[in-house]
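*Asks:* Residues 0 to 119 in numbering that gives the first Met the number 0 are what the sequence shown lists, from first letter to last.
Calculated directly from the structure, the hints in this document are not laboratory data.
Glycine residues also receive a C-beta, built at the ideal position from the N, C-alpha and C atoms.
The calculated BS3-like cross-link candidates involving lysine-lysine, where the alpha carbons are at most 30 Å apart (straight line), are:
hint, residue 1, residue 2
1, Lys20, Lys91
2, Lys104, Lys54
3, Lys110, Lys54
4, Lys91, Lys104
5, Lys43, Lys104
6, Lys20, Lys104
7, Lys20, Lys39
8, Lys20, Lys43
9, Lys54, Lys39
10, Lys39, Lys110
11, Lys20, Lys87
12, Lys110, Lys43
13, Lys87, Lys104
14, Lys54, Lys43
15, Lys39, Lys104
16, Lys20, Lys110
What follows is a set of in silico ranges between Cβ atoms, one per label pair, in the way DEER data are often shown:
hint, residue 1, residue 2, range
17, Pro11, Ile86, 22 to 28 Å
18, Lys54, Ile86, 33 to 39 Å
19, Ser79, Lys20, 35 to 41 Å
20, Glu23, Lys91, 26 to 32 Å
21, Gly51, Tyr25, 20 to 26 Å
22, Glu114, Val15, 23 to 29 Å
23, Gly51, Tyr93, 34 to 40 Å
24, Ser79, Glu102, 29 to 35 Å
25, Arg105, Glu35, 14 to 20 Å
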Amino acid sequence: MQMAYFCEPRDPSCSVDVALKNAENYLFIGITEEMELTLKVLEKLSPWAFGGQSKVLTVSKRSTNILNPVTNTTLNGAISTRSRNQIKERAKNYMDEIQFYNEVKRMFWRKVVVELELGA
Numbered sequence: 000m001q002m003a004y005f006c007e008p009r010d011p012s013c014s015v016d017v018a019l020k021n022a023e024n025y026l027f028i029g030i031t032e033e034m035e036l037t038l039k040v041l042e043k044l045s046p047w048a049f050g051g052q053s054k055v056l057t058v059s060k061r062s063t064n065i066l067n068p069v070t071n072t073t074l075n076g077a078i079s080t081r082s083r084n085q086i087k088e089r090a091k092n093y094m095d096e097i098q099f100y101n102e103v104k105r106m107f108w109r110k111v112v113v114e115l116e117l118g119a
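With the hints as constraints, model all of the structure from the sequences given.
*Replies:* Quick look at the structure:
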């Protein structure tokens with residue numbers, strides 16, 4: 000329920016549009032899936048607070064060849080059919096959250112390109 004963090008507390012009128020408008024007021028919003036890039040951008044934007052943090056953090060790469068005996072899958076994000084069906088059933092309730100996340104992720108990548116000068 001990340002969208003709620005970008006609306007007023009307990010605001011019943013919180014919507015994707017309101018949350019995104021509020022998110023645009025932030026200098027930068029990082030994402031945990033890209034922790035190393037998040038820290039690099041934070042170092043660039045606030046070196047006094049985050050200087051050197053990307054060198055300290057080591058994000059280990061997950062091994063994808065370890066077998067999970069319960070699901071008979073490797074630890075590469077594969078999930079059981081039962082779990083996949085449960086997620087599908089409940090996903091209808093989270094369409095706004097998914098839309099919000101995808102938009103924030105776009106904002107993240109635009110900021111990464113600009114701040115780390117990757118577009119040049």
